[in-house]
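If you read the sequences in order, they're chains D and H.
Residue numbers for the first sequence follow my numbering, beginning at 195 and rising by one.
Residue numbers for the second sequence follow my numbering, beginning at 195 and rising by one.
You can't tell identical chains apart in this list, so a pair holds if it fits in one copy or across any two.
Calculated pairs, PhoX-like style, for lysine-lysine (alpha carbon to alpha carbon, straight line, at most 25 Å):
no., residue 1, residue 2
1, Lys329, Lys397
2, Lys329, Lys370
3, Lys219, Lys397
4, Lys371, Lys397
5, Lys300, Lys262
6, Lys371, Lys329
7, Lys370, Lys397
8, Lys300, Lys211
Honestly, the hints are just simulated from the structure, not real lab data.
Number of protein chains: 2
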Amino acid sequence: MDVFDAIRGRRSHRAFKRDRVEFEKIDQILDAAQWAPSPANNQPWEFIVVSGSDARMRLIELSEQARKEGFVELHGFSFVRPVPYGADESPKSDLPPSDYSLSFLKNVPVMIAVVGNPEPTVRPSQVERVHDGYKYACSAAIQNMLLAAEALGLGSLWFTLFDRDLLNRFLGIDPKKHLIAIVCIGYPVAAPPSPGRYPLTTKVRRIE
Amino acid sequence: MDVFDAIRGRRSHRAFKRDRVEFEKIDQILDAAQWAPSPANNQPWEFIVVSGSDARMRLIELSEQARKEGFVELHGFSFVRPVPYGADESPKSDLPPSDYSLSFLKNVPVMIAVVGNPEPTVRPSQVERVHDGYKYACSAAIQNMLLAAEALGLGSLWFTLFDRDLLNRFLGIDPKKHLIAIVCIGYPVAAPPSPGRYPLTTKVRRIE
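Throw the hints in and build the complete structure from the sequences for me.
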């Protein structure tokens, strides 16, 4: 598939067929992830492929629990209770995750947890890490995964509605590492319509 | 270009021809950026295209100044002086940026600053942002840019060797926003060899 078609055609899928995803395709997606750039090529990512139905169901239960408790992270935005409410704001309206259905997860055949390693693996004694290189690199890797899935006829979702502590324990993730996202993958029922984009002119400034 | 060829063929380029890059190609790269996913499709990115030679030279001067002062950020890793040296570590060896030549920047015809907006633009009263969604989204957008450049026969570099404060002032970036990276783009002299990747087996765990 042409790279521009993959970039423009990729959608956030929430409706999947129950069909199994071929191992070869998962490996192609993981290989694509690995070719992302990273600081000094330190490749600060790890992948946990969750495909068994018991494990997937447990992962879904844990996400559901996190959603109900209102202590969850939605695509990188955290919802924390209590939140600092203004006088004119209703606490209930501040907890959209309770309205966010996770039932679609039951049909996701493969979930890939992407874990970032904040420890630089290159020249560790020379680097004082106070920043986000590993998060940038993992995000680039995830984008490669989504594009690879699109090219292979699969749908995907960059999912972060989870409680990191619960998932760290369940997936056996070293607490020094950082769960960035769960990439959901499966054969889509249909491509959702595009939610659109702002006009480029509103996003671009030029300095000649 | 096939998406897998773009993903595997992309390199971090540091040798560029002085040839002008067509406006149309820059717009194709910016359009590709916009089709990245983002939290609730809030599109938390802005792009500053620096193509004039005066502005580029000033940007290079500022990067050079940051490098010399040892207060710089290299691809998401920050080098900060003073760093907490161990008894057996030499301070000098902790400042690799001083050995890192920026002379290649003089031949980069276009630099695109990618700026992230931490403010959620969707449901702001419902979201208590404490996390990194905008950084993830901007990184996915940058990866799209690098792949688009590759497909258009251009070379690119995800560049972060800069002092954010200096560049914020020069580029007129709202201090509430966050300069994520500068994407260098131009016609490459030659494709650098691949630095390789770790075997996938060392990076993947499977839970059935």
